[in-house]
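K.L.:
Chains as they are written, first to last, in the numbering used here: chain A, 1 to 308; chain B, 1 to 232.
Incorrect hints may appear among the rest.
Unchecked claim - Now the in silico label distances, taken between C-beta atoms and shown as ranges:
{"no.": "1", "chain 1": "A", "residue 1": "R201", "chain 2": "B", "residue 2": "E162", "range": "23 to 31 Å"}
{"no.": "2", "chain 1": "A", "residue 1": "K179", "chain 2": "B", "residue 2": "T192", "range": "28 to 36 Å"}
{"no.": "3", "chain 1": "B", "residue 1": "Q138", "chain 2": "A", "residue 2": "V147", "range": "42 to 50 Å"}
{"no.": "4", "chain 1": "A", "residue 1": "I119", "chain 2": "B", "residue 2": "E162", "range": "45 to 53 Å"}
{"no.": "5", "chain 1": "B", "residue 1": "E125", "chain 2": "A", "residue 2": "V58", "range": "53 to 61 Å"}
{"no.": "6", "chain 1": "A", "residue 1": "P296", "chain 2": "B", "residue 2": "G147", "range": "40 to 48 Å"}
{"no.": "7", "chain 1": "A", "residue 1": "I238", "chain 2": "B", "residue 2": "Y14", "range": "33 to 41 Å"}
{"no.": "8", "chain 1": "A", "residue 1": "G143", "chain 2": "B", "residue 2": "N139", "range": "45 to 53 Å"}
{"no.": "9", "chain 1": "B", "residue 1": "N139", "chain 2": "A", "residue 2": "L292", "range": "48 to 56 Å"}
Source of the hints: derived by calculation from the structure; they are not laboratory data. Don't be surprised by glycine CBs; every beta carbon is placed ideally from N, CA and C.
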Amino acid sequence: MDFGIVIYALNLAAIYGLMAIGISILWSSVGMINMAHGATFAVSGYAAWIASEAMKPVIAAAFGKTLLASMATASVVVGVALIAGALMGVVIYLLAFLPIHDKPNFAVRSLIITLAINIATVQALLFFFGPRSRGLPKIFGFGRFEVLGVSIRYDQAGTIICTVVLLGLVLEWLRHSRKGLEIRAMMQNSEGAALSGVSVRWTALPVMVVTGALAGMAAALLSQTIFVSPTAGAIPLIKGLTIALLGGLGSVPGAVLGALLIGFLEAITGVIPFLGQRYVMFVQFAFIITVLVIRPRGLGGLLDDTRE
Amino acid sequence: MPELLKIRGLTAGYGPLRVLHEVDLTVKAGERIGLVGLNGHGKTTLFRAITHMAGWQQGSIKLDGVEIGGTRSLGAGRRTSGIVRMGVAMAPQGDAIFPGLTVNQHLDCGAFTRTAWRERRQRREHILEIFPPLRALQNSLVGKLSGGERRMVSLGRMLMVEAELYLIDEPSLGLAPKISRAVMDAIWSLPTEGRAMIVAEQNVTLLSGRVDRMIGMHAGRMRGEVGHVALN
Numbered sequence: 001m002d003f004g005i006v007i008y009a010l011n012l013a014a015i016y017g018l019m020a021i022g023i024s025i026l027w028s029s030v031g032m033i034n035m036a037h038g039a040t041f042a043v044s045g046y047a048a049w050i051a052s053e054a055m056k057p058v059i060a061a062a063f064g065k066t067l068l069a070s071m072a073t074a075s076v077v078v079g080v081a082l083i084a085g086a087l088m089g090v091v092i093y094l095l096a097f098l099p100i101h102d103k104p105n106f107a108v109r110s111l112i113i114t115l116a117i118n119i120a121t122v123q124a125l126l127f128f129f130g131p132r133s134r135g136l137p138k139i140f141g142f143g144r145f146e147v148l149g150v151s152i153r154y155d156q157a158g159t160i161i162c163t164v165v166l167l168g169l170v171l172e173w174l175r176h177s178r179k180g181l182e183i184r185a186m187m188q189n190s191e192g193a194a195l196s197g198v199s200v201r202w203t204a205l206p207v208m209v210v211t212g213a214l215a216g217m218a219a220a221l222l223s224q225t226i227f228v229s230p231t232a233g234a235i236p237l238i239k240g241l242t243i244a245l246l247g248g249l250g251s252v253p254g255a256v257l258g259a260l261l262i263g264f265l266e267a268i269t270g271v272i273p274f275l276g277q278r279y280v281m282f283v284q285f286a287f288i289i290t291v292l293v294i295r296p297r298g299l300g301g302l303l304d305d306t307r308e
Numbered sequence: 001m002p003e004l005l006k007i008r009g010l011t012a013g014y015g016p017l018r019v020l021h022e023v024d025l026t027v028k029a030g031e032r033i034g035l036v037g038l039n040g041h042g043k044t045t046l047f048r049a050i051t052h053m054a055g056w057q058q059g060s061i062k063l064d065g066v067e068i069g070g071t072r073s074l075g076a077g078r079r080t081s082g083i084v085r086m087g088v089a090m091a092p093q094g095d096a097i098f099p100g101l102t103v104n105q106h107l108d109c110g111a112f113t114r115t116a117w118r119e120r121r122q123r124r125e126h127i128l129e130i131f132p133p134l135r136a137l138q139n140s141l142v143g144k145l146s147g148g149e150r151r152m153v154s155l156g157r158m159l160m161v162e163a164e165l166y167l168i169d170e171p172s173l174g175l176a177p178k179i180s181r182a183v184m185d186a187i188w189s190l191p192t193e194g195r196a197m198i199v200a201e202q203n204v205t206l207l208s209g210r211v212d213r214m215i216g217m218h219a220g221r222m223r224g225e226v227g228h229v230a231l232n
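Okay, chain A solo, but in the shape it has when bound (with noise of 0.2 Å):
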């Protein structure tokens, strides 16, 4: 068995992971499912592209092609990125939560209204730059390293690590923080959260922020691999939302676990000889529904024992 295969299936996990964690926060905290996900990680590879065609000739001048340029183009992309995201996450807000937020049916309303700022989104996107796409600079740069027998391609190993840091760090700030406390209380009981003096208002906008954030870094991410287009973020909304189902609409432990099974099986159905890439789709979807079959509310069941 090759061992590469593993690094593959990480590497997808922890852009899908980026995606779902982001929804199933939203989703439980806030009570939308936000379709534009989609948008904000088209918008964010964008603005990540517009921005280092920008600064490339000014950090050309600044450090020639040391390593120190190629560390001043990653930033540059990452940053954009993430600002562009979390910029996308307070436009959804405006847009989608602020003015809605409080009317019945607030769930189909909010989706109805995230759907239609991810096809405008996209369409502008197209309207703007055209369908061609756009590669990002590798901000990991070319080439392999080998650990164990195993090659690993630095975008590869780069997203991973990139991955587990954020994540690690949107964790601990849940974990630790005040306004993290209190985003997992609204989580958990939004009338409890009401009652201790919690805003759904004003908590909604960091949680927005965030996941947006989450998006941009996937959409960074992942166009190390693939190009930016206009509709690139469909298959990571697509995707990012069943495994946020598969894992149990707002566990995050269960995005998780749901990320990397999605991840290995992406990663196995395309080397199996009779499957191959073009059943990734119909496997995963055959698994999710299966699971959500035998278990309609998800994995995250599994991973904790409290009961409501």
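For chain A, the structure is supplied; the task is to place chain B on it using the hints.
P.N.:
Just chain B now, with coordinates in the frame of chain A:
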């Protein structure tokens, strides 16, 4: 005694259902009031209307002379956090606990004002003195606790900040008699100077002799004061 809470003509309900009918209630500072009545006669809805969590509502609610009522048809819960911050503390029916947080984190959630957050350690200590069984459970998840312990956590969360008006909804609901007595004793041990407390309860004997007034509620209307009963 100044009037702490003054409710005039409060009507509230959920969707097409009208639960409260033109309720009037005045609570003075320092008073403990027992609210008794059968299931489904509006005790919980009265509390939920005060904190703006009922489906819709109409009528004047004045807390210390400040109007917190008004007419609202949508947006249940929109004003709740603001009203809580004005000094209404509520322990809801069913406890509204956060199953994935520990007892300590839970109590911290209740400490939402700036001073309370700064003093949260001392205040937690104080709550643990009121509810000694929680001391051994400080770092366990609330979702794993028993019903009585959850009730203590819920009341403890409510007590982390100073409020003017405490609304306690059926503190004995679903608890074993011995535990419910301990919980009630903890409630009666709270100082009432300058503040007021309304306890909704079905078990009249638990309130008897401990509250200043006992008000009956029937079919969404106040039925006047109920005499104290003593079974022994």
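K.L.:
Against each hint, give a clear statement of whether it holds in the structure.
P.N.:
Tested hints:
1. A:R201 x B:E162: 23 to 31 Å: With a Cβ separation near 25 Å, R201 (chain A) and E162 (chain B) satisfy 23 to 31 Å, so the hint holds.
2. A:K179 x B:T192: 28 to 36 Å: holds, 34 Å
3. B:Q138 x A:V147: 42 to 50 Å: Holds, since Q138 (chain B) and V147 (chain A) (Cβ atoms, about 43 Å apart) stay within the stated range.
4. A:I119 x B:E162: 45 to 53 Å: Holds - the Cβ-Cβ distance for I119 (chain A) and E162 (chain B), about 51 Å, lies within 45 to 53 Å.
5. B:E125 x A:V58: 53 to 61 Å: This hint holds: roughly 57 Å between Cβ atoms.
6. A:P296 x B:G147: 40 to 48 Å: violated, 27 Å
7. A:I238 x B:Y14: 33 to 41 Å: holds, 37 Å
8. A:G143 x B:N139: 45 to 53 Å: Holds: the Cβ-Cβ distance is about 47 Å, inside 45 to 53 Å.
9. B:N139 x A:L292: 48 to 56 Å: violated, 34 Å
Hints 6, 9, counting from the list given before, are not met by this structure.
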